[in-house]
Amino acid sequence: MSLMDILTIVVPSTLLWAAPLIFTALGGIFSERSGVVNIGLEGLMVIGAFTSIVFNLTFFDTFGNATPWIAILVAMVAGAIFSLLHAVASITFRADHTVSGVAINLLAVGLTMFLVKQIYGKGETGIISKGFSKIDVPVLKDIPVIGEIFFQNTYWTSFVAIIVAIIAWYIVYKTPFGLRLRSVGEHPMAADTMGINVTKMRYLGVMLSGALGGIGGAVYAQSITSNFSHATISGQGFMALAAMIFGKWHPLGALGAAIFFGFAQSISIIGSSLPFLKEIPNVYLLIAPYVLTILALTGFIGRADAPKAVGTHYIKGSR
Amino acid sequence: MSKRLTGILTPIISVLLGIIVGTIIMLISGYDPVAAYTALWNGAFGEVYYVGEVIRQFTPYILAGLAVAFAFRVGLFNIGVEGQFIVGWLASVWVGVAFDLPKVIHLPLAILAAIVAGALWAFIPGFLKARFRVHEVIVTIMLNYVALHVTNYIIRNVLAAKSGDKTEMIHESASLRSEWLQSLTDYSRLHWGIILAIACCFIMWFLLEKTTRGFELRAVGFNQHAAHYAGMNVNRNIILSMVISGAFAGLAGAMEGLGTFGYAAVKGGFTGVGFDGIAIALLGSNTALGVFFSAILFGALKVGALNMPLEAGVPNELVDIIIALIVFFVASSYIIRAFLDRIGKKGVK
Chain W
5 MSLMDILTIV
15 VPSTLLWAAP
25 LIFTALGGIF
35 SERSGVVNIG
45 LEGLMVIGAF
55 TSIVFNLTFF
65 DTFGNATPWI
75 AILVAMVAGA
85 IFSLLHAVAS
95 ITFRADHTVS
105 GVAINLLAVG
115 LTMFLVKQIY
125 GKGETGIISK
135 GFSKIDVPVL
145 KDIPVIGEIF
155 FQNTYWTSFV
165 AIIVAIIAWY
175 IVYKTPFGLR
185 LRSVGEHPMA
195 ADTMGINVTK
205 MRYLGVMLSG
215 ALGGIGGAVY
225 AQSITSNFSH
235 ATISGQGFMA
245 LAAMIFGKWH
255 PLGALGAAIF
265 FGFAQSISII
275 GSSLPFLKEI
285 PNVYLLIAPY
295 VLTILALTGF
305 IGRADAPKAV
315 GTHYIKGSR
Chain C
613 MSKRLTGILT
623 PIISVLLGII
633 VGTIIMLISG
643 YDPVAAYTAL
653 WNGAFGEVYY
663 VGEVIRQFTP
673 YILAGLAVAF
683 AFRVGLFNIG
693 VEGQFIVGWL
703 ASVWVGVAFD
713 LPKVIHLPLA
723 ILAAIVAGAL
733 WAFIPGFLKA
743 RFRVHEVIVT
753 IMLNYVALHV
763 TNYIIRNVLA
773 AKSGDKTEMI
783 HESASLRSEW
793 LQSLTDYSRL
803 HWGIILAIAC
813 CFIMWFLLEK
823 TTRGFELRAV
833 GFNQHAAHYA
843 GMNVNRNIIL
853 SMVISGAFAG
863 LAGAMEGLGT
873 FGYAAVKGGF
883 TGVGFDGIAI
893 ALLGSNTALG
903 VFFSAILFGA
913 LKVGALNMPL
923 EAGVPNELVD
933 IIIALIVFFV
943 ASSYIIRAFL
953 DRIGKKGVK
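Going line by line, the protein sequences match chains W and C.
Numbers given in our numbering equal positions in the first sequence, counted from 1, plus 4.
Numbers given in our numbering equal positions in the second sequence, counted from 1, plus 612.
One or more hints might be untrue.
As the list claims (entries may be wrong) - Result set (DSS-like, lysine-lysine): computed pairs, CA atoms no more than 27 Å apart in a straight line:
id: 1; chain 1: W; residue 1: K126; chain 2: W; residue 2: K138
id: 2; chain 1: C; residue 1: K778; chain 2: C; residue 2: K715
id: 3; chain 1: W; residue 1: K252; chain 2: W; residue 2: K204
id: 4; chain 1: C; residue 1: K615; chain 2: W; residue 2: K320
id: 5; chain 1: W; residue 1: K204; chain 2: W; residue 2: K121
id: 6; chain 1: C; residue 1: K615; chain 2: C; residue 2: K879
id: 7; chain 1: W; residue 1: K134; chain 2: W; residue 2: K121
id: 8; chain 1: W; residue 1: K121; chain 2: W; residue 2: K178
id: 9; chain 1: W; residue 1: K312; chain 2: W; residue 2: K178
id: 10; chain 1: W; residue 1: K121; chain 2: C; residue 2: K615
id: 11; chain 1: C; residue 1: K957; chain 2: W; residue 2: K320
id: 12; chain 1: W; residue 1: K126; chain 2: C; residue 2: K822
Just so you know, the hints here were simulated from the structure itself, not pulled from any lab data.
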C-alpha cells in the first residue's frame, strides 16, 4: 500500500470524525469565553443528534435530499433552546456551572430516550434513509495529488465546519461582539462598568454553545451513526471539551485539536486495515485525546489558561 | 427561618419539584402518573425481592455519594468517581480471579485492591491540582475515559477467557455474596457490601467531624488561604482528600465486582454510578447521613423504575429525567432559599 493510498483513506476519514468535534468545541469556546463553564456539551450533542434523526425520519418525504441540512438547522434551534436551561440555572439562579452541566447531560439522555420510546415504542430509532454522503468537491477535486487526498470521497460538513471555525475566530477576535464576550469572561465587573450587559452576553454565549453543540450532534448522527439510541453520543461532547482546552480556548486552536482528535478516532477504527498502524494496540489511540489534554493542562505542551472569570457568578454590587 | 431548617427543606423541595415536573411530563405525553408512581413504588418495595434489589443498588450509591461528598467538603469537585469506580471494580475482580487463598485473606485483599486502585486513580488529579494548579474537573473527566478504555483493553486482552468480553467468575473465597441474605430476600442479589457501605458513612462522619485531620480538610474546603495562613499544608490536604474520595469510589467498584456481578465485563459506555453519585452527594448536602438517605431514595427510584414499563407502560427513563431535574433544583437552591427566606420574613411580620 503506497503512502498515497493511505492518505486517501485517512484524510477523509479524519475530516469526517473531526467535523462534529469542531462544531461542538467552537460552541464550548463561546460559552467559556463568556465565563460559563459548559460540561453540558455532551448533552447538547445528544439533543442535536436526537432532533436531527427524528426530523430526518419524519420529513424525508417532504424535503427529499435537502432533509439532512434542514435537520441540522432544526437541531441547532433545539440545542439553543435546551441550553437555555443551563443558562438560567448557572447565570440567573447562580447554580454551580459544573453541577448544572452534569444535570444537562443526565437530562438530555433521559429526555431523548423517553421520547424515543414514546414515539417509536422501542429503545432506538430506525435508520435514516438519507444522511450526509460522500462527495467530490467540484473543480478542486481535479487538482493533482491534493485534490485526490482532500477533495475526493469526502463530506461537505467537514468543509462547513472548517469555515465556521474561521468565522468564529473572526467573531471572537475581530468584532465588537467578540471583544465584549471575552471581556465578560475575563473581568465581568470591568465590563459592566463599561456598560456591557454581563447577563445578556453570558446568555448569548451559552445559547451559541447550545446551537453549535446541536449542530455537532446532528452532523455526528447523520454522517456516522445514521440512527439514534442511548449510545449514539458516547463521549464526543467531552472530547470536544478536550479539544477546546487543548486548543487553548482559541477557535483555530480548537479546530486543529479537533482535527487531531478526529484523526486519533478514525485511526482507532480504520487502523486495522493499514500497515504498521495495526501493530499499535488501539487503546493508545482511544486514550490519546484525553491524555494529551491532561498534559496540555499541566503545562507540558504549552500553558493552557482558562478565561479568568470562568465558573464564577457575577453579582451586581458585590466586590 | 433558621439555617438548619432551610438546609433540610431545600432538598425536600427539590425532590418534590422534580416529581411534580415528572408528573407534568407524563400528563403531556399521555401517561397515567398515578399508575406510574404506583408501579414505581411496587417495583421498589412491593415484594421482599425488590427490597433486596434496592439495598443492593444503593450500596455502591452510598459509596459513590460519599466519594463525591468527601471531595466537595474539601472544596474539590471529583467528577472522576465513575473512572475510579471502574478501576476499583476491575482491580477487585482481578485479585478475585488470580489468587487462591482462604476467605479471611482473599476477600479483604480483593477489597483492598479496589480501594488502592481507586485511590491511585484519584491521586493523579489530586497531585496535578496540588503541584500544577490544574483544575480537577477537567482532569477527572478525561481520566474517566482513560479508565474506561484501559479497563476494557485489560479485560479483553489479559483477563477474558478465550477472546470473550468478560472475565471469569471470581473465586468463592473473594465473594461478598451470601446465601443467607439472598434467601432472606427471595433470591435477590443482596450481598454483605451494605455493611461496608454503612461503616464508611460512619468513617466519613468521624474523620471529618471528630479528628484534627478532618478539621484541616474542612478548613481547606472553606478557605484555602486562611488554612494556609494557619499553617496547614494545603497541597497535602488536597491530595489526601482526592485519595480518600477515590478510595470510597474504588470500594464502590468492589461492591459490583465482588458482590453484585462477580466478574467484570467490557463496557460500551459508563455505568452511570459515578454521575449518580454527584446527584446523591448534592441532595445529601455532602454529609454522611444525607448521602445515606439520598442514596436510598436514588436506589429505590432506579430499581423501582424497571417496573414502570411492565406495570404502567411508562418508559423507565422518566426516572432519569426526574433525577436530572432534582440535580437542577438542588443546584439552583439559591432561588429556593431566597423563596424560603421571603416566606420566613412574611411569617415574622
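*Would you list, in rising numerical order, the hints stated earlier that this structure does not obey?*
As far as the earlier hints go, 1, 5, 6, 8, 10 and 12 are violated by this structure, in ascending order.
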